[in-house]
Amino acid sequence: MPEQASASEDGVPGKRLHLVPDEVVEAGRMEAVRRYDILDTPPDGAFDRVAALAARLFDVPVATVTIVDEDRIWFKAAHGLNGVSEIGRNPGLCGSAVLRDDALVIPDTLLDDVACGNPLVTGPLGVRFYAAAPITTTDGHKLGTVNVLDTKPRSITAEQTATLTDLAAIVMDEMELRLSALRTVRQEQRVAEAERAAREQAERDKAAIASFASTLQRTLLPPALPTVPGLELACHYHTASVHDVGGDFYDVFPLPSGKWGLFLGDVCGKGAEAATITSLARYTLRASAQHTDDPVAVLEALNSALLADVWAGSRFCTAFFATFTPDAAGGFTVELATGGHPPAYHLSPAPPAAGPATHTRAEAVRPKGGMLIGAFPDARFASTTLHLAPGQALLLYTDGLTEAHTSTDAMLGDEGLTAFLTARPASCGAAQLIQDTVGLLDALPEGASDDVALLALSVPAPDQAAAATGARSTAHTTAAPAGEEH
Amino acid sequence: MTDDIELTLTATPGPAAVATVTGEIDLHTAPGLRTRALELIDQGHRHLILDLSGVGFCDSAGLSALIGIWHGAQGAGGSLALAAVPDRLMRMLTLTGVDSLLPHYPSIADALSARQGAPDAA
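Heads up: the protein sequence lines correspond to chains A and B, in order. Position 480 (the first sequence) corresponds to 480 in UniProt numbering; numbering is contiguous. Position 10 (the second sequence) corresponds to 10 in UniProt numbering; numbering is contiguous.
These are computed hints drawn from the structure, not numbers from a lab. Fair warning: this is a prediction, and the values are worked out from it, not measured in the lab. All C-beta atoms, glycine included, are put in the ideal place defined by N, C-alpha and C. A few of these clues could be false.
[Unchecked claim] No more than 25 Å apart at the CA atoms, straight line, and that leaves these computed lysine to aspartate or glutamate pairs for DMTMM-like:
(1) K152(A) with E195(A)
(2) K152(A) with D294(A)
(3) K368(A) with E335(A)
(4) K206(A) with E195(A)
(5) K368(A) with D4(B)
(6) K368(A) with D99(B)
(7) K259(A) with E335(A)
(8) K368(A) with D59(B)
(9) K368(A) with E273(A)
[As the list claims (entries may be wrong)] Covered stretches of chain B (chain A as the covering partner; in silico rule of three or more C-beta atoms under 8 Å from a C-beta of chain A):
(10) 11-25
(11) 42-52
[Unchecked claim] Derived CB-CB ranges, DEER-like:
(12) A443(A) with S53(B): 50 to 56 Å
(13) A202(A) with S53(B): 41 to 47 Å
(14) D4(B) with A197(A): 34 to 40 Å
(15) A423(A) with S113(B): 43 to 49 Å
(16) D442(A) with S113(B): 49 to 55 Å
(17) S107(B) with T408(A): 47 to 53 Å
(18) H405(A) with S113(B): 47 to 53 Å
(19) P377(A) with S53(B): 54 to 60 Å
(20) G54(B) with A197(A): 48 to 54 Å
(21) E273(A) with G75(B): 48 to 54 Å
(22) T10(B) with T215(A): 47 to 53 Å
(23) G369(A) with A114(B): 52 to 58 Å
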């Protein structure tokens with residue numbers, strides 16, 4: 001209970017102690033008033049009934065339920081006082097009743113030296129009798145009063161005073177119920193608000209992750225193919241979904257020996273885990289190639305690196321690693337090692353004997369015995385050397401090409417790819433080869449449903465070389481539109 | 001594709017076990033297959049022969065699972081052999097050179113008779 005001065009005996013009319021609010025008590029009281037959040041709420045039947053009941057029980061013209069605010073007395077219910085919603089917090093009546101623990105009874109206001117100056121007494125209402133019981137919270141704060149007023153002096157019995165106190169207790173119970181309902185509603189609102197905020201956060205996260213994935217994807221790709229004198233290079237990269245970081249990778253770069261290095265590979269699996277392997281593979285291949293230009297040794301280094309990683313034995317990739325260098329015949333010598341990767345195709349003009357529909361000879365290049373990289377400590381890799389003569393091309397790809405669906409249950413396959421390659425003119429350069437291969441994928445009913453990486457090298461024929469201003473390199477990267485997941 | 005894959009122990013000649021795989025092996029089912037096969041190895045069936053005749057589909061996730069099982073068997077001093085390998089998986093095994101480490105037979109009978117000559121055959 002807050003300590004509060006209590007009125008002395010009211011038995012002597014006109015000699016009531018004039019109470020003034022204690023600052024600390026008043027601050028606590030106002031906090032309680034605000035906690036119940038009742039000020040300026042619309043009329044409520046329960047409070048109206050208490051006021052009407054009080055008026056009937058005491059046989060008085062006016063009865064009210066008031067809440068005492070800092071500077072006003074606000075009527076939550078007012079029986080017999082039409083059109084009045086609040087009055088000033090003048091001392092004498094309600095203003096004084098909330099400063100005491102017990103009921104305040106003033107039989108004749110004109111005989112009370114505080115109440116006699118109250119506007120309700122001096123004004124048109126002419127209140128002569130006033131009795132009020134404070135509405136007291138369980139922790140002792142007086143929020144307001146239940147009071148009865150009359151225009152003529154009167155006295156009430158102790159039982160009637162007790163009744164008034166009971167009515168104030170009923171009002172308090174009602175306010176407790178109201179507060180508990182209010183808390184439930186507020187809790188629900190907070191939950192709803194939290195859910196809405198979580199949804200919004202999820203949307204933002206989704207956008208951030210998509211943006212992160214596409215940024216990561218870009219870092220996993222070479223920004224551009226280098227310009228290699230005497231060679232035309234072209235590539236294509238497609239991810240099945242913008243949300244998936246692809247497991248395909250490739251690069252072309254100069255080696256310290258003066259040769260060029262090249263790789264193209266495919267990590268088994270998708271998503272962030274595959275991306276870490278993709279990254280590891282790219283950097284290991286580039287770094288190893290700085291120490292040796294033996295393609296088999298480079299793949300062995302990658303195998304060791306993947307097996308030394310935390311996912312040892314459970315994350316693999318397939319890859320080609322090749323070195324190429326200009327040779328005396330105007331072409332390039334390519335030494336190519338494989339680690340379980342689908343065959344590359346060495347393309348050259350078909351001899352006339354091959355028939356009118358066969359323009360290109362497509363020779364599968366797959367050194368025998370090259371194993372999956374990162375799966376076995378003693379994996380073996382194999383290499384082969386080929387000569388890329390003027391007018392010839394080499395196509396490397398990931399299995400998203402050969403596993404592209406030509407119908408619901410059929411894939412392009414090695415056969416489909418070979419048929420496509422042999423039917424097109426061999427003399428076209430790498431850029432045209434990539435463009436045509438992308439066209440082949442685009443024409444399929446489902447397009448490329450998986451990630452696809454394509455890399456082509458071609459040595460311009462002497463007549464083309466004269467026409468061309470120099471070696472070209474082209475690259476393009478695509479991703480399926482957002483939401484189109486496979 | 002389905003989330004269901006079954007691995008049923010069908011015969012246990014000595015330390016070897018024949019288990020039949022039924023279902024499709026893809027990204028979703030492969031981890032389950034791997035776990036169950038490794039459990040069999042843990043239970044003492046360190047020479048595992050997988051009957052793949054009931055496998056309708058198998059992609060690179062299936063290949064990963066098989067390599068994981070191979071590592072498990074190797075670690076336990078055992079072995080992994082495959083029987084009735086579906087065409088697509090066989091192409092993958094050949095392409096990736098994994099066929100040189102994973103013995104594969106047309107049928108369970110062939111796999112079992114090949115085991116007769118093994119050092120710790122029953």
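Status of the hints after comparison with the structure:
no. : hint                             : in the structure
1   : K152(A) with E195(A)             : violated (60 Å)
2   : K152(A) with D294(A)             : violated (117 Å)
3   : K368(A) with E335(A)             : holds (14 Å)
4   : K206(A) with E195(A)             : holds (16 Å)
5   : K368(A) with D4(B)               : violated (36 Å)
6   : K368(A) with D99(B)              : holds (12 Å)
7   : K259(A) with E335(A)             : holds (11 Å)
8   : K368(A) with D59(B)              : holds (22 Å)
9   : K368(A) with E273(A)             : violated (29 Å)
10  : 11-25                            : violated (count 0)
11  : 42-52                            : violated (count 0)
12  : A443(A) with S53(B): 50 to 56 Å  : violated (36 Å)
13  : A202(A) with S53(B): 41 to 47 Å  : holds (45 Å)
14  : D4(B) with A197(A): 34 to 40 Å   : holds (39 Å)
15  : A423(A) with S113(B): 43 to 49 Å : holds (47 Å)
16  : D442(A) with S113(B): 49 to 55 Å : holds (51 Å)
17  : S107(B) with T408(A): 47 to 53 Å : violated (30 Å)
18  : H405(A) with S113(B): 47 to 53 Å : violated (39 Å)
19  : P377(A) with S53(B): 54 to 60 Å  : violated (31 Å)
20  : G54(B) with A197(A): 48 to 54 Å  : holds (50 Å)
21  : E273(A) with G75(B): 48 to 54 Å  : violated (22 Å)
22  : T10(B) with T215(A): 47 to 53 Å  : holds (50 Å)
23  : G369(A) with A114(B): 52 to 58 Å : violated (22 Å)
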